[in-house]
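Fit chain B to the given chain A structure using the hints.
Chains A and B, in that order, are what the protein sequence lines are. When you read off a place in the first sequence, starting at 1, and then add 28, the result is the number in my numbering. When you read off a place in the second sequence, starting at 1, and then add 113, the result is the number in my numbering.
Don't read these hints as lab results, they were simulated from the structure. Treat the hints with caution; some may be incorrect.
[Said to hold, decoys possible] Computed spacing ranges between beta-carbons, pair by pair:
#, chain 1, residue 1, chain 2, residue 2, range
1, B, 242, A, 61, 33 to 39 Å
2, A, 61, B, 233, 23 to 29 Å
3, A, 75, B, 268, 26 to 32 Å
[Said to hold, decoys possible] Computed, partial: chain B to chain A, Cβ under 10 Å:
#, residue
4, 118
5, 121
6, 130
7, 149
8, 151
9, 154
10, 160
11, 163
12, 165
13, 166
14, 182
15, 187
16, 189
17, 194
18, 266
Here a beta-carbon is modelled for each residue, glycine too, at the ideal position from N, C-alpha and C.
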Amino acid sequence: MNLDWSSAFHYGLLVVLSLVGFKGLFSQTDLLKKVVAFIVFQSGFILLLLSLAQRTAVAGLENHPFPHALALAALAATLGVVLSLFALCSAIQGKYETLDSEELSKRMKP
Amino acid sequence: MRILSWGLTVLLGVVLLYACVQFPHPSDPSSTLSLHVSSRFTESAVKETGLAGVPAVLGDYRSFDLLVLAFLFFTSALLGLVVLYGEKPLAFNRPALLGLFIALLGVGLGLTVGAYCFYRGGNFLDYEPWVLLFKPGTARWVGSGVLGLGTALAFLGAVLTYSYGLTPASKDRHEP
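Only chain A is shown next, with the shape it has when bound in the complex (with noise of 0.2 Å):
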C-alpha cells in the first residue's frame, strides 16, 4: 500500500475538527453544549467532503460536482437535526428548568 502522508495531513487536520466534537459530545454536561459539538463534529466531515471536492491546482480542472453535493446534503440534513435537537433541548429547559444532563438525571428520578 502506497502511504500518501501529504493527504493524511491534509485530511488529518480536518478529522481532528470532528474529534474534538465527538469527544465534546461525551465530555459536556450541558445538552446544548452537547449540540454545538455535535455541530462541530459534523463540520469536519462537511469539510472533509468539501476538501475532496477541490481540484484548483490542476489548470484546466473543474472542481468535483459530486463530494460538493454530499457536503449540501450533509448541511442540509445537520441543519434539521439540529432545529429539532434545540427544539428538544427548548421543552427540557420549559419543563426542567434545566439543560445540565447530570442534573436532569436527578429530577427525573420518581
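Same frame as chain A, now just chain B:
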C-alpha cells in the same frame, strides 16, 4: 465513562486517519475520485440534464437523495413543532384549515410534477416529458417554475397553519 469517551475518540481517530492515508490527493487527476463518476458528471451533465455542476448532481443524477433529504428536513421541522407546541390543543379555525389545504396543495403539486417526470420520462424531476407540453427551450424553466410554485405554496400554507393553528395566540379560537 471518561475512559470510555477517550477510548472511543482515539479509536475513531485511528480509523479516520487510516482512511485518510488512503484518500487520493485533492489535485491528483489520475485518482479514482477524478476518473470515476465525477468525470461523467463534469463532461456529460449539460448534455444529459441541461444543467452543470452541483445542480445537475442534486437535481438529476442524485434527485432521489434530494427527495429523501427534503423528507428528513421537513420531518425534523415537524418534530421540532410537535416538541415545542405538542401539548397545546390544535385550533381548527378557518386560516389554519386554509393553510393546511394550501400546504397539501403545494406538496401535491411538487410530487405530481416529479411523478409525471418519473412516469413519462427517465428520472424523478428530470423534466424530459415537459417537452411534450411546452417548447424544448422553455420546458425545463416551466417545470422548475411549477415545482417552485408548489414549494412556495407548501411554505406559505405551513406558515399559515403554524401561525393560526398551532400557537395559543390564535385570535379565532373561542375559549370556553
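When the nearest CB of chain A is found for residue 121 of chain B, is that gap smaller than 10 Å?
Holds, because the Cβ-Cβ distance from residue 121 of chain B to chain A comes to roughly 7 Å (cut-off 10 Å).
**Given hint residue 151 of chain B near chain A, where the shortest CB pair must fall under 10 Å** = Cβ of residue 151 of chain B sits 4 Å from chain A, so the hint holds.
Worksheet item: Regarding the hint that residue 187 of chain B lies at the interface with chain A, is the smallest CB-CB distance below 10 Å?
Response: Check passed: Cβ of residue 187 of chain B comes within 8 Å of chain A, closer than 10 Å.
| field | Agreement of hint residue 194 of chain B with chain A interface, Cβ distance less than 10 Å | value | Because about 8 Å separates residue 194 of chain B from the closest Cβ in chain A, which is inside the 10 Å limit, the hint holds.
Double-check residue 266 of chain B for me: the hint is only fine if its C-beta lies closer than 10 Å to a C-beta in chain A.
-> violated (21 Å)
Subject >> When the least beta-carbon distance from residue 118 of chain B to chain A is tested against 10 Å, hint result >> reply: holds (3 Å)
- Task: So, residue 160 of chain B near chain A? Judge it on the closest CB pair being under 10 Å.
- Result: violated (15 Å)
- Within 33 to 39 Å or not, the Cβ separation of residue 242 of chain B and residue 61 of chain A? violated (51 Å)
| message | Under 10 Å is the threshold here; is the Cβ of residue 154 of chain B close enough to any Cβ of chain A for the hint to stand? | response | holds (5 Å)
query: Does residue 189 of chain B pass the interface check with chain A, least Cβ-Cβ distance below 10 Å?
result: holds (4 Å)
Closer than 10 Å between Cβ atoms is the bar; does residue 182 of chain B clear it against chain A? Give me holds or violated.
-> holds (5 Å)
Have a go at the residue 149 of chain B hint: is there a Cβ in chain A nearer than 10 Å to its own Cβ? holds (9 Å)
The structure does not agree with the numbered hints 1, 2, 10, 11, 18 stated previously, though it agrees with the rest.
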